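Q: Residues per chain are reported as follows:
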Amino acid sequence: MKLHSENANKILALYYKRVYQIIKPLAEADRQEITMELTSHIYESMARNPQGDEVTTLLYALEKLGEPDTFLYDVVAERKLHQARKTFNPIHLASALALNIGRGFAKSLLFFVVGVVYIVSFACGGVAVLKPIFPNKIGLYTNSNGLFAAGWITNIAPGTTEWLGLWFSPVFIILAVLLYVINTLLLKLIPTTKTTI
Amino acid sequence: MYIALLCTMNMIFVDKWKSQVKKGVLEYIILILLHETELYGYELLDKLKETTGYDVAEGTIYPLLNRLKDEQLITSYWKEMDSGVPRKYYKMTEEGIAILAHMQAYWLELNNNILSLNKKPQ
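These protein sequence lines map, in sequence, to chains F and A.
Okay, so the first sequence: first residue is 427 according to this note's numbering, each after it adds one.
Okay, so the second sequence: first residue is 8 according to this note's numbering, each after it adds one.
If you are wondering where the hints come from, they were derived from the structure by calculation, not from laboratory data.
Computed from a predicted model, the values in this text were never measured in an experiment.
A virtual CB, placed ideally from N, CA and C, is assigned to each residue, including glycine.
One thing to keep in mind: the hints can contain errors.
[Unchecked claim] Only pairs whose alpha carbons sit at most 25 Å apart, straight line, appear in this in silico PhoX-like list of lysine-lysine: (1) F:533 <-> F:450; (2) F:533 <-> A:76; (3) A:25 <-> A:56; (4) F:490 <-> A:25; (5) F:490 <-> A:86; (6) A:30 <-> F:490.
[As the list claims (entries may be wrong)] Reference listing, derived: stretches of chain A covered by chain F, where coverage requires no fewer than 3 residues with Cβ under 8 Å from a Cβ of chain F: (7) 42-52; (8) 60-72; (9) 92-100.
Excised from the complex, chain A in its bound form:
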């Protein structure tokens, strides 16, 4: 009983940690996806789910895109569609591409450091 409770508590801890990691890297992943191609909000959510398994609460992506736009890392434009409902496409700016390069370098460094830590004999 005690061990089962302990396992449950540990799993809650791991789940919380996973959620924090996901939140932490979400902007990074969005920038990677937008660097590949221009995307509209719903398509971006789809790509996020498809490539990372992140099931982001849909509405919450917009404040994030808004902030990236305020930071001038991305920009947006409206595209008329045959359906009559236009799509708002997001794309990277030059500044966004430069920032993403810094983020990728740091991510690689962090990843290598963690891998070497994990390889150290206990």
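Next comes chain F alone, as it looks inside the complex:
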């Protein structure tokens, strides 16, 4: 959108600079969609609420629209979460979790739990891969003293039984994938939108 006044264009450019900074983590298509919608909104707002000169009209429209850091943070967090749910990509998931932690205590707690489950999922995958390399150190162990452990064990006490043998790898890979998929699907259940009235 090109405005007539040089100062109005400068103000708009500064506003968009902040916008681009906030929407940087998103995919190109999402970034383009957001900037187009913002441009449309600013244009409509300016056309309907003239305030004398163009700079004042623009400032009024931007004030009514709100701080991009505030409302776009929600859009970015939502879009990133959507992208993560859709792609199951761990990089998008990590970014979505980072963006969504800090959006209210209860939600942060839920996202923290989801983050911990992802870590457990990656740990399961990791020990499954390492099992053939360290067959005597990694496994599912129990003993008569109440030990129940899965993963890497440094001191294996006498009388400890390892249950899965080389089946440990496939079982834990399946477990890792299941945790990852279920956790990603559960992300959908966490409500994320905030609205200011």
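With chain F fixed as given, assemble chain A onto it according to the hints.
A: Just chain A now, kept in the frame of chain F:
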């Protein structure tokens, strides 16, 4: 002095309650408005203000529309305008219409229950 303070505190409580109710029904109202006609973001805000008096902080409508879109209750498309600045129109999906019918039934039930509660002799 004490009574004035108490009244102020009660009004703050009522204002907070009103704000919570408004937030709670905002998605419902947006769906009703979009069921009537296709609207673009700014027009939707205008309609909201005109029909309900809700003065929504403008930017905050977009995360909400985004979420309704993710839930596949609404969809959007771009329309070229003579001004050269296109508008993004939102419209209801079949699923959105079905969900809205459920919401309307529940709203009616809730409204009737509250009305009958209010009618009960104290």
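Q: Take the hints in turn and mark each one as holding or not.
A: Here is how each hint holds up against the structure:
Between residue 533 of chain F and residue 450 of chain F the CA atoms are separated by roughly 23 Å; this keeps the pair inside 25 Å, and the hint holds. Between residue 533 of chain F and residue 76 of chain A the alpha-carbon distance is near 21 Å, which keeps this suggested pair within the 25 Å criterion. At roughly 15 Å between alpha-carbon atoms, residue 25 of chain A and residue 56 of chain A fall within 25 Å of each other, so this suggested pair holds. Distance check on the hinted pair: residue 490 of chain F and residue 25 of chain A sit about 22 Å apart at the alpha-carbon level, within 25 Å; holds.
With a C-alpha separation of about 24 Å, the suggested pair residue 490 of chain F and residue 86 of chain A falls inside the 25 Å cut-off, and the hint holds. Taking the CA atoms of residue 30 of chain A and residue 490 of chain F, the gap is about 19 Å. The hint holds against a cut of 25 Å. Only when three residues or more bring their CB closer than 8 Å to a CB of chain F does the claim for the segment 42-52 of chain A stand; here the count is 4, and the claim holds. With 11 residues having a Cβ less than 8 Å from any Cβ of chain F, the segment 60-72 of chain A passes the three-residue criterion, so the hint holds.
Figure legend: the segment 92-100 of chain A, annotated as covered by chain F; annotation consistent (4 residues with Cβ-Cβ distances under 8 Å, at least 3 required).
Going through the hint list in order, the structure satisfies each hint without exception.
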